[in-house]
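Fit chain B to the supplied structure of chain A, relying on the hints for placement.
Protein chains in written order, with our numbering: chain A, 63 to 213; chain B, 5 to 268.
By construction, these hints were calculated from the structure, which means they are not laboratory data. Misleading hints may appear alongside valid ones.
Unchecked claim - Computed cross-link-like contacts, SDA-like style, restricted to lysine to any residue with a CA-CA straight-line distance of at most 20 Å: (1) K174(A) <-> V80(B); (2) K231(B) <-> G111(A); (3) K179(A) <-> Y60(B); (4) K231(B) <-> T221(B); (5) K231(B) <-> D152(A); (6) K179(A) <-> L101(B); (7) K231(B) <-> P112(A); (8) K174(A) <-> Y60(B); (9) K174(A) <-> R57(B); (10) K200(A) <-> A26(B); (11) K179(A) <-> R56(B); (12) K179(A) <-> A26(B); (13) K231(B) <-> E153(A); (14) K231(B) <-> D113(A); (15) K179(A) <-> R57(B); (16) K174(A) <-> R56(B).
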Amino acid sequence: MAGSASRGENPQETRTVAIDAEVLAGKRFPYQEDMSLVEDIDLLAATPGPDINWLEDITLLEEDGVPAVFDRYSNSFLKIYFPIPEGREDEIARKVLIRHLTDGNSYGITLKDIHCKFPQVELGPWVEDSRIVGTDWKQPVLEGWTAPAGH
Amino acid sequence: MPGSGSRSGVSYDARGLVEPHADMPDNIEVDGSRARFDATDLTIRQINMALRRLIYNDGITDVTVLNPSSKHSLAVGILKRCRIHFEGSPGWFACGLIDGPEVTINGRVGWSVAENMMSGVVMIERSAGSLTGAAIRGGDLIIKGDVGARTGIDQKGGTIIVTGDVGINTGFMMQRGRQIICVNAGMNLGDSMYDGAIYVGGKVRSLGVDCVPGDWTEADTELIERKFRIHGLGDPPEFQKFVCGKQLHNYDALEPSERKLVIH
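Pulled out of the complex, with its shape left as it was, chain A reads as follows (with noise of 0.2 Å):
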């Protein structure tokens, strides 16, 4: 069941079914609690072509009976903890969404700069001017490990 909680074999620690922003992030962002950190963000501006383009898919959903937006780039809901005026709904989830990659704060995006093979920007195509990651990547090697013969 989505958001149900267990203990581990560990008291300490709390498993949970559900893929939260903020469990992969360890904190909750400003942005998910204060309406006016987001009213300002253009999003017609922030994505390709005339109109809002793949945000046409994003829609307010709910997790955990909280309101929710579902960040693909991590494939886990970031929640949205103020209230959101009637008839705004999906407009706010967006650009709750688009605060949070722009930020680079979506989990996919911090893995990147450690994992991704590809040059690439690592706030994706959001942000202009963003720094290009994956340039150097190397083949990761095990300790001890050599190569059979013939390789």
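Below, chain B alone, put in the same frame as chain A:
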């Protein structure tokens, strides 16, 4: 180069870059933030390498590729906002896995154009092959012509607009997003679709399993009119709407992880 070299003499790279000719083309004309080059004598790897270097490293935001000559897998995996124009026809798998580019193609394309596109706009001036927009996840894909079979197979988001006809099994296992087909659709439209909407302006040869006529809403009218307006497609025809009948797949029985996969 990581992992390169082997006894066979064929260049090998752990990342899959196996085409040996990796010299940067020397025929690129740069004018400020714009660039253009002729791809006639270039390999696929050289063309993609030039695109990546121009867009990622050199700050170029507008690239024109002349004479792509039906070469496959061009402009794949570009993950940055930019404009790319193909003057001619790319081959299979053009513009796959992109996230951000706005691409115009003054020609035809082969199979699987814009496969797995995350965001961006791909506008094709003529017809496209089968599997157009396969597994597309976001963005707009516009084909000003006819397309082959399985258009938008496994579509998970985004909008596919076809000004002509589409072939058999269009929208097969579609999970989200929208398809706007201005003329006729072949057999098995929307077969086994989970969700999303398919709009057809002409005749449908037959509906697939669990694809049913849907109720038209003001949101449908707004979507169609907005997409036609912003992409300069003229006045839209009258459309029928088709959706999932929800008899084949049961959302309530899905585990949370499965539900997330359906969402994206």
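A quick look at each hint next to the structure:
1. K174(A) <-> V80(B): 18 Å, holds
2. K231(B) <-> G111(A): 11 Å, holds
3. K179(A) <-> Y60(B): 15 Å, holds
4. K231(B) <-> T221(B): 16 Å, holds
5. K231(B) <-> D152(A): At roughly 19 Å apart (the allowed maximum being 20 Å), D152(A) and K231(B) satisfy the hint.
6. K179(A) <-> L101(B): Within the cut-off at roughly 15 Å; holds.
7. K231(B) <-> P112(A): 10 Å, holds
8. K174(A) <-> Y60(B): 16 Å, holds
9. K174(A) <-> R57(B): Holds, because 19 Å separates the two Cα atoms, which is no more than 20 Å.
10. K200(A) <-> A26(B): 19 Å, holds
11. K179(A) <-> R56(B): It holds: about 14 Å lies between the C-alpha atoms, which stays within 20 Å.
12. K179(A) <-> A26(B): 17 Å, holds
13. K231(B) <-> E153(A): 19 Å, holds
14. K231(B) <-> D113(A): 9 Å, holds
15. K179(A) <-> R57(B): Since the Cα atoms of K179(A) and R57(B) sit roughly 15 Å apart, the hinted pair holds (cutoff 20 Å).
16. K174(A) <-> R56(B): 17 Å, holds
No hint from the list above goes unmet by this structure.
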